[in-house]
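Chemist: Take a look at the letters that make up each chain.
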Amino acid sequence: MKKLIQFKNIVKSFDNQIVLKGINLDIYENEFVTLLGPSGCGKTTLLRILGGFLEQTSGEIVFDGDEISKVPAYKRNLNTVFQKYALFPHLNVYDNIAFGLKIKKQSKDIIEQKVNRMLSLVGLEGYAKRNVTLLSGGQQQRVAIARALVNEPDVLLLDEPLGALDLKLRKEMQHELKKIQQEVGITFIFVTHDQEEALTMSDKIVVMKDGEIIQIGTPTEIYNEPVDEYVARFIGESNIIDGVMKEDYLVDFDDKDYKCVDHGFRENEPVDIMIRPEDIDIVARNKGVLNGEVKSTLFKGVHYEIIVETVSGTSKTVTMHVLGNKDIVNEEEKEKISASNFYMDLEDVPNLTTGDVTARANAQAWNFDNEDLSISKVTYDVKNEKGVYPCTFETSNGTAVTINITVVEPIFTEDATNEEAVQAFDFYKTVDEIKESIALDTDLKRWANATAWSLEDDSVVEIYDVKYDFDDENITEGDYQITFATKGREFKIHTTDYKKEGMKVGLSFAPEDIHVMSKVGF
Amino acid sequence: MKSFSRLVYPYVVWAAIFIVVPMLLIVLYAFTKEGNGVLTLQFTFDNFARFFSDSIFPNVLWRSLKLAIITTVICILIGYPAAYFMSKLHVNKRTMMVLLITLPMWINMLVRTYAWRGILLDVPVSGEIKVYIGMVYNFLPFMILQIYTSLLKMDPSLIAAANDLGANKFETFRRVVLPLSIPGVISGITLVFLPAVSSFFIPKLLGGGDFVLVGNLIENYFVSTGDWNFGSAISLIMAMIILISMFVTKKLDYESAEVGD
Numbered sequence: 001m002k003k004l005i006q007f008k009n010i011v012k013s014f015d016n017q018i019v020l021k022g023i024n025l026d027i028y029e030n031e032f033v034t035l036l037g038p039s040g041c042g043k044t045t046l047l048r049i050l051g052g053f054l055e056q057t058s059g060e061i062v063f064d065g066d067e068i069s070k071v072p073a074y075k076r077n078l079n080t081v082f083q084k085y086a087l088f089p090h091l092n093v094y095d096n097i098a099f100g101l102k103i104k105k106q107s108k109d110i111i112e113q114k115v116n117r118m119l120s121l122v123g124l125e126g127y128a129k130r131n132v133t134l135l136s137g138g139q140q141q142r143v144a145i146a147r148a149l150v151n152e153p154d155v156l157l158l159d160e161p162l163g164a165l166d167l168k169l170r171k172e173m174q175h176e177l178k179k180i181q182q183e184v185g186i187t188f189i190f191v192t193h194d195q196e197e198a199l200t201m202s203d204k205i206v207v208m209k210d211g212e213i214i215q216i217g218t219p220t221e222i223y224n225e226p227v228d229e230y231v232a233r234f235i236g237e238s239n240i241i242d243g244v245m246k247e248d249y250l251v252d253f254d255d256k257d258y259k260c261v262d263h264g265f266r267e268n269e270p271v272d273i274m275i276r277p278e279d280i281d282i283v284a285r286n287k288g289v290l291n292g293e294v295k296s297t298l299f300k301g302v303h304y305e306i307i308v309e310t311v312s313g314t315s316k317t318v319t320m321h322v323l324g325n326k327d328i329v330n331e332e333e334k335e336k337i338s339a340s341n342f343y344m345d346l347e348d349v350p351n352l353t354t355g356d357v358t359a360r361a362n363a364q365a366w367n368f369d370n371e372d373l374s375i376s377k378v379t380y381d382v383k384n385e386k387g388v389y390p391c392t393f394e395t396s397n398g399t400a401v402t403i404n405i406t407v408v409e410p411i412f413t414e415d416a417t418n419e420e421a422v423q424a425f426d427f428y429k430t431v432d433e434i435k436e437s438i439a440l441d442t443d444l445k446r447w448a449n450a451t452a453w454s455l456e457d458d459s460v461v462e463i464y465d466v467k468y469d470f471d472d473e474n475i476t477e478g479d480y481q482i483t484f485a486t487k488g489r490e491f492k493i494h495t496t497d498y499k500k501e502g503m504k505v506g507l508s509f510a511p512e513d514i515h516v517m518s519k520v521g522f
Numbered sequence: 001m002k003s004f005s006r007l008v009y010p011y012v013v014w015a016a017i018f019i020v021v022p023m024l025l026i027v028l029y030a031f032t033k034e035g036n037g038v039l040t041l042q043f044t045f046d047n048f049a050r051f052f053s054d055s056i057f058p059n060v061l062w063r064s065l066k067l068a069i070i071t072t073v074i075c076i077l078i079g080y081p082a083a084y085f086m087s088k089l090h091v092n093k094r095t096m097m098v099l100l101i102t103l104p105m106w107i108n109m110l111v112r113t114y115a116w117r118g119i120l121l122d123v124p125v126s127g128e129i130k131v132y133i134g135m136v137y138n139f140l141p142f143m144i145l146q147i148y149t150s151l152l153k154m155d156p157s158l159i160a161a162a163n164d165l166g167a168n169k170f171e172t173f174r175r176v177v178l179p180l181s182i183p184g185v186i187s188g189i190t191l192v193f194l195p196a197v198s199s200f201f202i203p204k205l206l207g208g209g210d211f212v213l214v215g216n217l218i219e220n221y222f223v224s225t226g227d228w229n230f231g232s233a234i235s236l237i238m239a240m241i242i243l244i245s246m247f248v249t250k251k252l253d254y255e256s257a258e259v260g261d
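Sequences listed follow chains A and B, in order. Number 371 in UniProt numbering belongs to position 371 of the first sequence; there are no gaps in the numbering. Number 168 in UniProt numbering belongs to position 168 of the second sequence; there are no gaps in the numbering.
If you are wondering where the hints come from, they were derived from the structure by calculation, not from laboratory data.
Chain B is nowhere near these chain A residues, computed Cβ spacing over 12 Å in every case: (1) Leu25; (2) Ser107; (3) Lys178; (4) Asp262; (5) Thr317; (6) Leu352; (7) Ala510.
Heads up, simulated DSBU-like pairs for lysine-lysine below, C-alpha to C-alpha not over 30 Å straight-line: (8) B:Lys88 with A:Lys102; (9) A:Lys70 with B:Lys169; (10) B:Lys251 with A:Lys108.
All C-beta atoms in this analysis are idealised placements derived from N, C-alpha and C, irrespective of residue type, glycine included.
Using the sequences and the hints given, assemble the complete structure.
Modeler: As structure tokens, this is what we get:
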């Protein structure tokens with residue numbers, strides 16, 4: 001095949017912001033090439049530079065042997081299907097398609113012949129006289145393709161042309177576009193952020209990120225051998241695990257060695273390991289290479305998506321003291337006041353304010369007509385050491401309530417394997433507060449002040465799981481245990497066999513299903 | 001929604017009292033004889049016969065139409081390029097330009113025309129040219145703003161699409177920009193031609209006494225002569241001409257959208 005387009009070190013910047021950082025790319029005749037990447041990766045900019053609507057800051061574009069950077073858009077032998085089609089609203093379907101031919105001053109009968117051929121290519125026979133603004137999205141799309149192809153360009157540029165269509169139509173158009181490309185036999189350069197579109201249609205996929213090309217390859221290459229975590233996550237679904245390459249053909253993760261088919265890494269090099277969900281089989285416990293517990297099962301149509309946890313997360317259990325409602329009633333002033341005991345971290349004592357105390361104790365006052373009253377006086381004397389300290393809240397009419405503030409040293413659980421720590425405090429709540437909560441897991445995290453962090457770099461780790469065994473609708477006074485846990489090692493598995501949540505299972509995968517990738521930035 | 005539709009009632013009443021009833025009165029006056037009471041109404045076509053029998057009146061009408069047409073054409077010729085270049089400016093400059101163009105409209109039209117009278121007093125050109133200057137000056141902003149808005153509304157990707165299909169700047173303008181801005185030009189024409197054809201104080205102030213137009217004629221019959229019947233007839237004739245010209249422009253607009261080539 002012949003090289004048709006060569007991008008040589010294309011750089012583009014807008015207002016000192018670099019959008020393309022030196023793109024080198026060859027495109028051959030007859031190829032269906034997809035530029036794939038999230039929005040803002042520079043794929044559309046590259047397409048617009050090729051179309052002649054933008055000029056690169058530096059670099060060359062060679063088109064069919066000639067440098068074309070200075071050639072204006074209207075003289076370039078390529079055509080574009082625009083994102084929102086950009087059909088001329090004042091022209092009907094026929095005149096839209098005939099636009100380019102009329103500019104080239106072709107004779108009427110030739111124009112008619114060519115337009116009619118295009119109309120049948122895109123399946124719009126009989127639509128010639130229609131008003132384009134009244135066509136459906138899919139039909140407008142076809143007109144836009146016909147309008148571009150009728151000029152017999154060497155290259156057709158498509159700028160996210162399927163974005164505005166609904167799912168069913170999009171799938172139809174994917175096949176249609178591929179069919180048209182094979183029929184007319186020219187190069188298609190297709191821009192999309194949809195990995196499925198890219199996999200379905202392309203001969204070659206160019207994965208872009210932040211103005212750079214990350215990987216170029218056929219859909220199978222990109223899917224099976226992504227160069228890094230970014231590509232692996234972007235294309236298809238995957239399980240990505242931190243690991244260490246012990247030696248050639250041997251990789252280690254979660255304290256276990258696995259045979260693999262990858263080699264050529266440094267000894268003990270930290271790597272990302274990818275295993276596709278469909279490459280993992282669920283087998284009987286102890287029959288596979290890993291054991292775990294089914295966390296969730298989702299039906300996805302053709303298959304089930306099953307999450308299996310093989311290593312549990314780091315957890316910390318606290319006690320929630322549930323109290324009855326104990327409003328202090330002042331009959332004389334017709335006022336009520338309430339507040340709860342609370343625990344607090346020793347580290348927070350120096351920065352404690354009246355506002356904090358009121359909020360943490362959830363101190364509230366109101367009169368018999370249920371109108372809120374302000375708390376005018378808060379008395380507390382908390383010392384900078386462990387202990388129990390009284391605190392009094394008072395309204396202007398002297399209705400008061402006293403609670404205990406318990407200052408404790410933070411206790412957290414560390415997990416060396418997960419390299420994480422979780423911290424949480426015991427707390428007091430009333431029955432009503434628990435019943436009134438509309439997002440109990442979130443509230444429990446907040447009440448217990450539960451946090452988790454990485455021991456490696458102190459970054460925040462999400463509290464993934466809140467476990468408790470009370471029924472919040474019918475809770476009564478007493479002490480309850482609540483466990484906050486981070487996410488452990490979970491594997492996503494696609495299988496057609498149903499597995500019940502909570503089942504203990506084994507996982508099995510072959511050495512060739514483990515794909516080892518260099519860490520981004522190494 | 002339904003309850004809000006009642007808000008239109010005050011306007012309906014207002015329109016009935018101040019627009020519909022006076023119009024009907026004009027029609028009534030135009031078809032009746034002078035000086036008869038409510039009970040002794042005498043219907044007649046004399047007022048219209050009088051207008052067309054004396055060649056002065058049709059001549060004045062023709063002169064008014066000519067003035068309005070030429071004013072409109074000049075406004076398009078100056079206004080279109082102005083609007084086109086404005087629409088190409090950076091957004092900040094665009095806003096500034098719109099402000100500059102609308103700024104004179106904050107001042108009363110009559111005052112501005114008096115100013116022009118002072119400026120043109122010793123300029124040795126005919127009264128007719130002075131009238132054109134005054135007319136174009138007063139009506140140009142309406143034309144510019146209408147065209148400017150329609151150009152601004154245009155999807156820039158259409159221009160990119162035309163370039164992509166091989167059209168150079170000129171072809172792009174001729175085949176895409178111009179046809180799509182025609183609705184703006186049409187509404188500009190409506191806003192310029194209508195007031196221009198019936199204007200009377202600009203010709204009166206700038207043209208001296210010798211430049212009589214239909215507007216002046218109507219003013220004369222109502223204010224000076226007191227012949228409301230004949231004045232009404234002239235008004236009615238002019239209203240008919242305006243209606244016809246509006247119908248024609250609408251028709252042209254429609255066809256330009258249909259054919260487009």
